[in-house]
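All chains should be modelled from the sequences, with the hints used to inform the complete structure.
Protein chains: 2
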Amino acid sequence: MPQELPHVLAFDVFGTVVDWHSSIARESSELAPGIDGAKFARAWRRGYIPAMQRAQAETGDAPWKNLDVLHREILDSILPDFGLDDMSETDRDHLTHAWHRLDPWPDSVAALRRLRKLFVITPLSNGNISLLTHMAKNAGLPWDCVLSAEVFGHYKPAPQTYLGVAKVFNLEPQQVMLVAAHHIDLDAAQDCGLQTAYIERPFENGTDRTKDVSPSARHPLHMKDLGALADYFDQLKREDSQ
Amino acid sequence: MPQELPHVLAFDVFGTVVDWHSSIARESSELAPGIDGAKFARAWRRGYIPAMQRAQAETGDAPWKNLDVLHREILDSILPDFGLDDMSETDRDHLTHAWHRLDPWPDSVAALRRLRKLFVITPLSNGNISLLTHMAKNAGLPWDCVLSAEVFGHYKPAPQTYLGVAKVFNLEPQQVMLVAAHHIDLDAAQDCGLQTAYIERPFENGTDRTKDVSPSARHPLHMKDLGALADYFDQLKREDSQ
Numbered sequence: 001m002p003q004e005l006p007h008v009l010a011f012d013v014f015g016t017v018v019d020w021h022s023s024i025a026r027e028s029s030e031l032a033p034g035i036d037g038a039k040f041a042r043a044w045r046r047g048y049i050p051a052m053q054r055a056q057a058e059t060g061d062a063p064w065k066n067l068d069v070l071h072r073e074i075l076d077s078i079l080p081d082f083g084l085d086d087m088s089e090t091d092r093d094h095l096t097h098a099w100h101r102l103d104p105w106p107d108s109v110a111a112l113r114r115l116r117k118l119f120v121i122t123p124l125s126n127g128n129i130s131l132l133t134h135m136a137k138n139a140g141l142p143w144d145c146v147l148s149a150e151v152f153g154h155y156k157p158a159p160q161t162y163l164g165v166a167k168v169f170n171l172e173p174q175q176v177m178l179v180a181a182h183h184i185d186l187d188a189a190q191d192c193g194l195q196t197a198y199i200e201r202p203f204e205n206g207t208d209r210t211k212d213v214s215p216s217a218r219h220p221l222h223m224k225d226l227g228a229l230a231d232y233f234d235q236l237k238r239e240d241s242q
Numbered sequence: 001m002p003q004e005l006p007h008v009l010a011f012d013v014f015g016t017v018v019d020w021h022s023s024i025a026r027e028s029s030e031l032a033p034g035i036d037g038a039k040f041a042r043a044w045r046r047g048y049i050p051a052m053q054r055a056q057a058e059t060g061d062a063p064w065k066n067l068d069v070l071h072r073e074i075l076d077s078i079l080p081d082f083g084l085d086d087m088s089e090t091d092r093d094h095l096t097h098a099w100h101r102l103d104p105w106p107d108s109v110a111a112l113r114r115l116r117k118l119f120v121i122t123p124l125s126n127g128n129i130s131l132l133t134h135m136a137k138n139a140g141l142p143w144d145c146v147l148s149a150e151v152f153g154h155y156k157p158a159p160q161t162y163l164g165v166a167k168v169f170n171l172e173p174q175q176v177m178l179v180a181a182h183h184i185d186l187d188a189a190q191d192c193g194l195q196t197a198y199i200e201r202p203f204e205n206g207t208d209r210t211k212d213v214s215p216s217a218r219h220p221l222h223m224k225d226l227g228a229l230a231d232y233f234d235q236l237k238r239e240d241s242q
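In order, the protein sequence lines correspond to chains H and Z. So for the first sequence, the UniProt record's numbering puts the first residue at 1; every next one is plus one. So for the second sequence, the UniProt record's numbering puts the first residue at 1; every next one is plus one.
If a hint is listed, it holds; no wrong ones were tucked in.
You can't tell identical chains apart in this list, so a pair holds if it fits in one copy or across any two.
No farther apart than 20 Å at their CA atoms in a straight line, the calculated lysine to aspartate or glutamate pairs in the EDC-like style are these:
1. Lys167 with Glu73
2. Lys211 with Asp187
3. Lys167 with Asp93
4. Lys39 with Asp91
Worth flagging that the hints you see were computed from the coordinates, not collected in a lab. Since the structure is predicted, the reported quantities are computational estimates derived from the model, not experimental observations.
Spelled out as structure tokens, the structure:
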């Protein structure tokens, strides 16, 4: 490790810590048994980046739209494609809150518990504070605090989010590490001076849609999962104390 | 209980959850053995409300000054009164961070663990996010998330803080309860429509300066400590489920 150890680990959440695809596929097909849940989950998630970009472009001019609002707008827009135009208000609301109930990847909770002994750990997610708080309570994610795009008034990959974590903790950017399963997120964090760790999540989009998780030269800290990241830092700390 | 049960309990922290007086008295007299630590702690804390009011008055015009910065300014201003003009930069910084290491009252951790099973629990403190995060990690406070004046860009008792909690959780103000040992805080929260619970902390300012903890008609939910509040809600939930 060429750099100093970070003080704070900030985690991308959707895909990195929790398995949005399986959870949304399951909840949507429970609510609407006729549909292809996996396809529905992917359609919903596909609306995410454009919605985020529109919201980020409006920053400053319009009141803040949190991710619950954006998730609901995307849901309303995809329901007709699945023949679900007549879904009730109650069901739309319930399904939107499925994003508050996402399951963690099998390694996440134990790894976060270990990493929490070594660092301050926080989400840095585009999910709103209540979504992340309910998710943590439901899934047992042991965050030290809950940071969100909502705290900084900007969506990732805006620099205000990554630099915001450093500022909140009165740290230099290189004393913070972003942990994420997406290069776009890591690239933006690195451009702000943060350290980065890539986490392979090959089945983020479903087991039948294996994602390319090849190493990238920009992010040499490349880990199979969060458990491997915890192993890595445990080892490093042991060497450090010898 | 005439009102619906709250969904979120928001806690004042300094004095309500943690014992700032003993902790600051101890750390300051460890660092400067000649001084009266209890008096020093009270002098430091006395600067708090005016500093907060000045910072709140500047909101919008000036960049946000977090509580670490205000604590440091107050410290610098009181050191001469204790003959400590020559305290080093390192020691001033160390002592300012004593507010990140405050001890909980003996009942706090166990009571918060119980209340967390019934509600979403969060601090709503003028302490900055990193202060509250380090404090929680150090003292074992099991918050579900960390809300602070810093998140809302206003210091309590500004309405934006109390209403901010409701907004973040997409709740009506009356679905949030503020738990605090100070009437000024509870009055302001109640003016915004929040439910309130008063916690007696007679020795907040030291065992030799017993605080008046008489009940107030405005805040009929009046509890000896957080353990008693947890007992109260446990009982209420039991009756509710019968």
